[in-house]
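Asks: One-letter residues, chain by chain:
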Amino acid sequence: MATPLGGMPNQGATPLVEMKDICISFGGVHAVDHAYVDLYPGEVVGLLGHNGAGKSTLIKILSGAYRPDSGEIRIDGKPATINSPRDARSYNIETIYQTLALADNLDAASNLFLGRELVTPFGFVNDDQMEAETRKIMGKLNPNFKKFKVPVKALSGGQRQSVAIARAVYFNARILIMDEPTAALGVHETQMVGELIQELKRQGLGIFLISHDIEDVFELCDRLTVMKNGRVVGTARTQDVTKDEVLGMIILGKCPPGAKPGPGAMAEDLEAA
Amino acid sequence: MSDATLSGSKTPTARSLVSALQLDTRLLGMIGAFIVLCIVFNVFTDGRFLTPRNIFNLTIQTVSVAIMATGMVFIIVTRHIDLSVGSLLATVAAVMAVVQTQVLPVTFGLGLGHPAIWIIALVVGLIVGAGIGAFQGWMVGYLGIPAFIVTLGGLLVWRNAAWFITNGQTIGPLDETFAIMGGAGGTMGETWSWVLGLVAVGVSIWLLLSARRRRAAHGFPVKPAWAEATMAVIISGAILGFVAVLNAAEIPAQRLQRIFAAQGQTMPEGLVMGYGIPISVLLLIVVAVAMTVIARRTRLGRYIFATGGNPDAAELSGINTRLLTVKVFALMGGLCALSAAVASARLGFSTNDIGTLDELRVIAAAVIGGTALSGGIGTIYGAILGALIMQSLQSGMAMVGVDAPLQAIVVGIVLVLAVLVDILYRKRTGD
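Those protein sequences? They're chains D and C, same order as listed.
Taken in order, the first sequence gives residues 1 to 273; the numbers are from our numbering.
Taken in order, the second sequence gives residues 1 to 431; the numbers are from our numbering.
Pulled out of the complex, with its shape left as it was, chain C reads as follows (with noise of 0.2 Å):
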């Protein structure tokens, strides 16, 4: 290749407008599929499937799996794999639970219903996560271990580690506050939601500005002000959209009049109220931000996409790639735990089978997400949204009432087109 070839004459095509926006075309393939498959399914549905009740039950669902999503983008970035998540998820869940019902109220004599149960049953499961996260990660970085091989036997052991906590028993009902970590019994309500959607608002477009001013400050090119400007306007409604349509889901008549029978007051006739962003998706939310800025602003995740890329590179450059395989295997055990959470909250107990086939799910959420098998490849949002499609495609086809082995039967045909797309879309770009 010469370097004629190389200073990119701007010449207008059809795809200017995106290039001048700069938008990720990978992204965009992915939510043109994701709205293409939500307006088949509200066809089929006559409608039913692009609810805001429905959106909102979407969200909620999709949160336990898009969180170890992100962690596992990390993984699959430094060229390994996690088999044993939802085995893990299953027995953090555990631990929680017995935690929370037993070890606190009992044992520690704080009784049922204590204000501090709640966070110190998830900083203890975050604590488990993590070391079973990081002495996985230790196997595989020191000891040489395949990644493939510790998680296959992490999926068996901690599957079965889960009984052993639990004696096979389901644990619950789970403290009342650990439980709004959960979705629909943990909401923001509308004007705290429409009050997080506006700060989210300025928060973008601060960081929009800022990264323009910081260029310009530099002297390196910048996009030109129109397209920031649509840039800006879009992220808005989208966020802005967000809120709107969970705000629009409204509390079913029961439950408001159960909550305001609990308050010892009357519902007034005729009240609705909408339910907002559950705080378990808040929660997705922060991990999102979390990770992002671990993977774009860190030495750690610049390590991990370095090594991901070129391992002996990234050894040679001074970086501990044994140590990174630790904290990155780490970071996947804890978020195993805040999905544990989730999880369990979301059912209000913690049973034997909570989490299976959860590894599955995580690993296809994050390839058709654009995560690379090979390494060095993958964004958190991509991982969020396949979470996302996932999800949709299994509760759109419930919906429709496609019978459940057809269901998976088109899930794993769908995660193989899904790659071959990727494969193509790459050869072409060659990137």
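Next comes chain D alone, as it looks inside the complex (with noise of 0.2 Å):
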């Protein structure tokens, strides 16, 4: 599939994600500011910014956290109404959390499973069938992974990450939130991180990557969308901006000319665009 230019809605193919004009505010503070991003099949886009300036807000409002306050979010073209985390999970939006929203005391089959628990036919939680599917999807994504029975509190960074990724993956989802991913990962782990989302692309996911890191941008999204005090400064494809440029959008809402501006780029960059 071809990949849209920056920001610009493609004739061709409908956008698994769009979300227009979003607006929220905390006690009147704009969290996010009429925002805008897309996300078409076998796309990884990333959002950057400061912290604080509305990247999570926006996601968490796509995977059903937060209500927006205004706008519209459409999921493969026809609007969607997303209210509740269980909202977002039927649209097969699959959220891991930079927080890796985990119940530590609970085992990984319970939390793989958490919500979505399978159950027996008199209706009680069905713990060796969950442990089973839960060792088959490890051994795909993380053969190394054999503790099974404990808490995952006693599990390294990675074994969390991947028991948050197998929850995604398990149940099909078709659009991922990664919100800082590879925060509390050593280098091994980030890189199966990577591989790990090289491979879901494949598999035609679109993928929402939320970072601070730009080398991480840079090596894995195919365009991005940057955010400074809730407002988009700009979208572009990766290709068509260099780092520093994208530097220059997070610090001073500097829109460059591979980028399209949004509403948070500086006036100047608005009027020569």
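What the hints contain is simulated information worked out from the structure, not anything from laboratory work.
No incorrect hints appear here.
If you want the footprint, here are the derived chain D segments under chain C, 3+ residues with CB under 8 Å: (1) 77-88; (2) 117-124.
No farther apart than 30 Å at their CA atoms in a straight line, the calculated lysine-lysine pairs in the DSSO-like style are these: (3) D/136 / D/153; (4) D/201 / D/20; (5) D/78 / D/201; (6) C/427 / D/149; (7) D/20 / D/243; (8) D/147 / C/223; (9) C/223 / C/427; (10) C/223 / D/140; (11) D/260 / D/20; (12) C/427 / D/147; (13) D/243 / D/260; (14) D/201 / D/140; (15) D/146 / D/136; (16) D/153 / C/427; (17) D/153 / C/223; (18) D/136 / D/149; (19) D/136 / D/147; (20) D/149 / C/223; (21) D/146 / C/427; (22) D/147 / D/201; (23) D/136 / C/223; (24) D/140 / D/153; (25) D/146 / C/223.
Glycine included, every Cβ here is placed at the ideal spot set by N, Cα and C.
Fit chain to chain and form the complex, with the hints in mind.
Replies: So this is what it looks like as structure tokens:
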């Protein structure tokens, strides 16, 4: 599939996700202010920005953790209503959170199936079946994983991350949101996550990657969207911009020529465009 | 931590027996402490502590607090607290007492001693208890008032609501069938106790075997057969030993004479009969099994523990944590009602001060039983064992002749020490 041009809706394909004019404020602070992002199948879109730039908030709206004050979400071109994490899951949106949303006191299988337990015909949770499924999928994702019977608290950062990723993969995510997936990981584990992202991309998933790490973004992403103070500075194909230009977008809100400017770009750039 | 360290080579150590049996070392520690406690009291009471009669009494005295402690486990696991349980018990006991002595026999004209009175009173009590619990849970979950405050208010409100229901009077005597739930007045007798014991042994062995078969079917590692057999022997021994002790608790001859006289018969000379398992203890066993099944085998239980471990993760996984809070408090209220039935039936009356300070005993039992106030960790059997330890401490000290103020001081110190030991244990094992 042809990679769509920077931020321009591609005529040939329907975006997997479109978030238009999204606004949300907390106590008078516009955390997200008329933001726009889109995502196509088989594409990795990086969301960049400082802490508090609004990228995590924007993506939490997509994953159902927050409800936007206004704006529109379209999945496969159709308007979607996402009021809760459960709704998001019904659209095959899976999220891997920065804080690794795992219940530390439960084992890997219980976490993987949390909220979607396999049950026996009598309605009791089927731990054996869940453990078997967990062993199967972990065998593919992380063959070294052996700790199936201990609370995930006892696992390393990489092992915990693979539980979180297994959860998304197992339930056939079509849209995957990764919030700083490598922040807590070592070099080897980061590489593992990178390979996994490439693999999921080949399978046609759309992936939002939220990251601080500009190296990661340039390595993994097809496009990137930069946010500053809750507004989109601009969107660009990774190949059309340099790392320095992206840093300029993050720090100054200065939109380079290779990017399509958004409402958060510095005024003179808007005029220039 | 690298994956290499995780392969977990099974080198033979002193702990290999325990690890092969996959026993909960913390449970073993608690049982060990309990046994030491019993032996010490037995020595200081010249052997009076570990008599069948005293053990029988201990089990009866433990039931009310133990039933509530199982519910308190869920409350504390979800990072809440319930200070109102003793007061709630009083209100529900008052309601049930009024229903069975006044409303049903007089207002509805059933007459005293009608066979349906006990069950109607109990059901009304359960509804009131669960309803009040759900209301408190709603305030915690949906209005966002901290559970400490809601139930501190509840402690004052329900204690005195009970006073208004009864006009401050002691209500009784309670319905005769209802009173069977109390303890010594209602036991299963020796034969049925053995039957129950054997059934329990059969079910336990079947559960062990079927779990093993399921794991083997999935190709998971299973315990060695000898370990499984050892477990079966230990469990069977514990169950049958418990039945044997309760059966060995003899019904006093005078009481036996009265029972025979009531049926218009004369007691055969030299007849000796054991109490067997009290109905209240049977009730506790049923509650314990049901609560354990909820904790381990249902979604509700899974969500309770997940929410306690990481409320945000639970919420993001699509769990309705507010509704969960209501359910957990409603369950606690229902269990308070059961305890109210047991406690008032044991006395034969509903008194104003029934359940006073029970909230502290219940919380202490759950905490001594290994429930972590930080949430996410706790077991039903631990809480029951905790309740038993608390009751043994108090009964034992009373038998030894320790002054009442000193008893309370010792219980307080034990509570704090138990939690300290638990913290140190968790630090060492890292879980």
